[in-house]
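Enquirer: Here the protein sequences come in this chain order: A and B.
Okay, so the first sequence: first residue is 1 according to the working numbering, each after it adds one.
Okay, so the second sequence: first residue is 1001 according to the working numbering, each after it adds one.
Just so you know, the hints here were simulated from the structure itself, not pulled from any lab data.
As the structure is a computational prediction, the values presented were derived from the model and not from experiment.
Take the hints with a grain of salt, since some may be wrong.
Listing some non-contacts, in silico: residues in chain B with all C-beta distances to chain A over 12 Å [to be verified]: (1) Q1154; (2) T1296; (3) A1300; (4) D1303; (5) L1304.
On the chain B side, residues computed to face chain A include the following (Cβ under 8 Å) [what the hints assert, rightly or not]: (6) C1096; (7) E1306; (8) A1311; (9) F1359; (10) L1361.
Pulled from the structure, derived: some chain B residues nowhere near chain A, Cβ distances all over 10 Å [as the list claims (entries may be wrong)]: (11) A1022; (12) R1181; (13) W1198; (14) S1200; (15) A1235; (16) A1267; (17) D1299; (18) A1424.
Backbone N, C-alpha and C fix where the C-beta goes; we use that ideal spot for every residue, glycine too.
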Amino acid sequence: MTRLSLSPGIDAPDELYADLLAAHEGLSEAESAALNARLILILANQIGSRELFRAALDAARPR
Amino acid sequence: MQWNLGKVFFGDRKVYEFNLLAETGHRRPAFINLQQYHLEHDMVARLRALQAAGASIDLRGAHRVAGVEAAGDHVALDIDTPEGPYRIEAEWLVACDGAGSPVREALGLGFAGRVFEDNFLIADVTMQAEFPTERWFWFDPPFNPGQSALLHKQPDGVWRIDLQLGRDIDREREKEPGRVRARVRQMLGPDVAFELEWVSIYTFQCRRMERFRHGRVLFAGDAAHQVSPFGARGANSGIQDTDNLAWKLAAVIAGEAPEALLDSYHAERLQAADENILASTRSTDFITPKSAMSRTFRDAVLDLSERCEFARPLVNSGRLSVPTIHDGSALNTPDGLPEGPARSRPGAPCPDAPLEPGFLLDRLGHGFVLMALGMPAPEVPGTAPLAVPAPGDEMRARYLGDAPRALYLIRPDQHVAARWADAAPATIATALSRALGATP
Ligand SMILES: Cc1cc2nc3c(=O)[nH]c(=O)nc-3n(C[C@H](O)[C@H](O)[C@H](O)COP(=O)(O)OP(=O)(O)OC[C@H]3O[C@@H](n4cnc5c(N)ncnc54)[C@H](O)[C@@H]3O)c2cc1C
């Protein structure tokens, strides 16, 4: 398994962030939640490894 | 009744269909749908045949267990009958008296777990029209908004419809034939003629006892564990309990094994019950999401499943029940063929495979079998040899992998107790003794 990386890895941070916000523009809260859920599932599939996904979940937990 | 094609609907659209591509080389299909009354009929017929052959079995209808007293060396039962009560003493008692088990109650034993509040309506209908033999599962369909529905065929031209009704419903009103007919008509469309055969409403629980053995009382079936119906695990696991228990109890009664062997019944079947409860709880959580976010993710999975194949394995409308692999059981001998196929490792139920003149599983199940693949079977007292000098492709794939030969010690319940690339008779005898609970 490749390890979860928490160091900078996004090639165009400002653009990617803007894309994310743009995707949610004009959506209701429920539609946004649904979009996020689909996005997470698609990214989870891209990650593939349960172990890596759990590491990401851990890193995302509120603390 | 068998089905191969499943269809999944979400809202008003079919999101995908799938084929139950079953593995080849099995005598039995992956899935058989048989009403419980057919099963019960066949079981009684078998019992009568055994009686005719001289087995001392007594089937007593309308005899109700009213009291239970468990002693160190026997169990005493008070029985009520229409002709009056009587008392009976037994060396062993197998309590398979269902989810409400009066024996469990009488012994003051707990039955903890999760209670689900959703109500489900079952309607069995017969149809004139040609309707395909497929399994259709709807999430949030227009005819049952926010809920789920299942349609599948049973033997004798009967279709079973299973409709989620939700919580806090008026059960009597929901069961009214006019109301049920209207729901079914919405589901099948206005042109399909059908007759209502049977209607019932159920809720379910997922729970189990702490221990399945209490001295001389052994709990089996729903009395010991209860699961949701998703995945067809209830009756299946009850039958697996008896597969596991019968040979052990017979060996203990015959003096061939110590009483401690019965503790392995508890250990192995508890492992299976936990596996079944976990699987059926997960299906339940997918079918009836318990929170807003769990519904959001559920709907996201269904939504994606239409376009993205990756999401389909996440759709959980019930996972087919498969027998438990008893990894870590005290009856197993450490794997002597670790490079062999993982699916037939010690603790695993033997996968079927063609074996002239029929199938492997037909040759297993009566006592311990010592199966020798690509080599002669050694003589070991207490085992019956099964030599397979030239294993076919499926036998190879399921039992040898790349190994040229192997020995398998197989329990009467068709689970693997031990396997080796080769072993001396003394090693096999030790494994047999371990599988009988006599050697740690
Ligand atoms: C809607 C629904 C759908 C299901 N679908 C499936 C499925 O598709 N596949 C599957 O495998 N399982 C299914 N099940 C589960 C299955 O029906 C049960 O798991 C199974 O019937 C349990 O069998 P059992 O012999 O342990 O208990 P039961 O069938 O409950 O039998 C218990 C017996 O004990 C007797 N008894 C009770 N008290 C006493 C007493 N005091 N004295 C003497 N006798 C007594 C009762 O009369 C009864 O005959 C389904 C269940 C439901 C509710």
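Enquirer: Each of the hints needs a verdict: does it hold here or not?
Expert: Comparing the hints with the structure gives:
1. Q1154: holds, 35 Å
2. T1296: Given that some Cβ of chain A is not farther than 12 Å from that of T1296 of chain B, nearest at about 5 Å, it is violated.
3. A1300: violated, 4 Å
4. D1303: violated, 6 Å
5. L1304: violated, 6 Å
6. C1096: violated, 38 Å
7. E1306: Not OK, violated: E1306 of chain B not within 8 Å of chain A, min 12 Å.
8. A1311: At 6 Å from the nearest chain A Cβ, A1311 of chain B passes the 8 Å test, so the hint holds.
9. F1359: violated, 36 Å
10. L1361: violated, 33 Å
11. A1022: With a cut-off of 10 Å, A1022 of chain B remains clear of chain A, as the shortest Cβ separation is near 26 Å.
12. R1181: holds, 35 Å
13. W1198: About 39 Å separates W1198 of chain B from the closest Cβ of chain A, which puts it past 10 Å; holds.
14. S1200: Non-interface label stands for S1200 of chain B: nearest chain A Cβ at 35 Å, farther than 10 Å.
15. A1235: Holds, because the least Cβ-Cβ distance between A1235 of chain B and chain A comes to about 32 Å, which exceeds 10 Å.
16. A1267: holds, 27 Å
17. D1299: violated, 7 Å
18. A1424: holds, 41 Å
Hints 2, 3, 4, 5, 6, 7, 9, 10, 17, counting from the list given before, are not met by this structure.
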